[in-house]
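A.B. asks: If you want the building blocks of each chain, they are given just below.
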Amino acid sequence: GENVEQHPSTLSVQEGDSAVIKCTYSDSASNYFPWYKQELGKRPQLIIDIRSNVGEKKDQRIAVTLNKTAKHFSLHITETQPEDSAVYFCAASEDTGFQKLVFGTGTRLLVSP
Amino acid sequence: ETGVTQSPTHLIKTRGQQVTLRCSSQSGHNTVSWYQQALGQGPQFIFQYYREEENGRGNFPPRFSGLQFPNYSSELNVNALELDDSALYLCASSFPGTGELFFGEGSRLTVL
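Order-wise, the sequence lines are chains R and Z. My numbering puts the first residue of the first sequence at 32, with every later residue one more than the last. My numbering puts the first residue of the second sequence at 453, with every later residue one more than the last.
Note that these hints are calculated values from the structure, not bench results. Take the hints with a grain of salt, since some may be wrong.
Claimed, not checked - Not everything, but these chain R residues come out facing chain Z in the computed CB check (under 8 angstroms):
| # | residue |
| --- | --- |
| 1 | Ala50 |
| 2 | Lys89 |
| 3 | Arg92 |
| 4 | Phe120 |
| 5 | Leu132 |
We put the beta carbon where it would ideally sit given N, CA and C, even for glycine.
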């Protein structure tokens, strides 16, 4: 089955810096890669996703890149703000309508003012 | 548009007991998935329901079971509770083919 590894487990940056979180997956059949943000005690919320027919997707300060050959994808946050502090999870699945997401172990991002 | 709601938010059980967790899906969503999130870990897929049928299951034993009702709400039942079942149980609803899961706030289960 699919296995998703995520690094780093914790990431501390200064406000205004960029943050990069990386994930690798094992199943070449996976073609849907979402990123979720989970604030303390809150529900995971989708912040951006990418499908395998594109290599990069951007939404304001957030971007995701995908390298299907190497089986890895990354989340890039620019101009970080304290409210970006949260746990970020990457996930992978086959986009077949049967939406079993396999999640990474999470990255705790701390943005210091 | 109402979001995904779960109940109860917190509960404490003892080993061997049974628990039922409830979920109301987001309006218009006919697919419900359940995930288990242990402390400090990513959510793990338990199973998914579509049109009142289980149509996918993760690596969880049969004592984890579920139901989906005609209004698309859902229940997760866990029998013979074990200490390792202590976790946040997340329900997520979606519309087939769209990919995005909308999560509820979760039910935090503590097994003593």
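A.B. asks: Per the CB criterion, is Lys89(R) less than 8 angstroms away from chain Z?
C.D. replies: Violated, about 18 angstroms.
A.B. asks: When the nearest CB of chain Z is found for Ala50(R), is that gap smaller than 8 angstroms?
C.D. replies: Since chain Z brings no Cβ nearer than about 18 angstroms to Ala50(R), farther than 8 angstroms, the hint is violated.
A.B. asks: Would you settle whether the hint for Arg92(R) is holds or violated, based on the nearest Cβ-Cβ distance to chain Z being less than 8 angstroms?
C.D. replies: violated, 20 angstroms
A.B. asks: Is the hint on Phe120(R) kept, meaning its closest Cβ partner in chain Z is under 8 angstroms away?
C.D. replies: holds, 5 angstroms
A.B. asks: Once the shortest beta carbon distance from Leu132(R) to chain Z is found, is it less than 8 angstroms?
C.D. replies: Where the cut-off is 8 angstroms and the nearest Cβ of chain Z is about 6 angstroms from Leu132(R), the hint holds.
The earlier numbered hints that this structure contradicts are 1, 2, 3.
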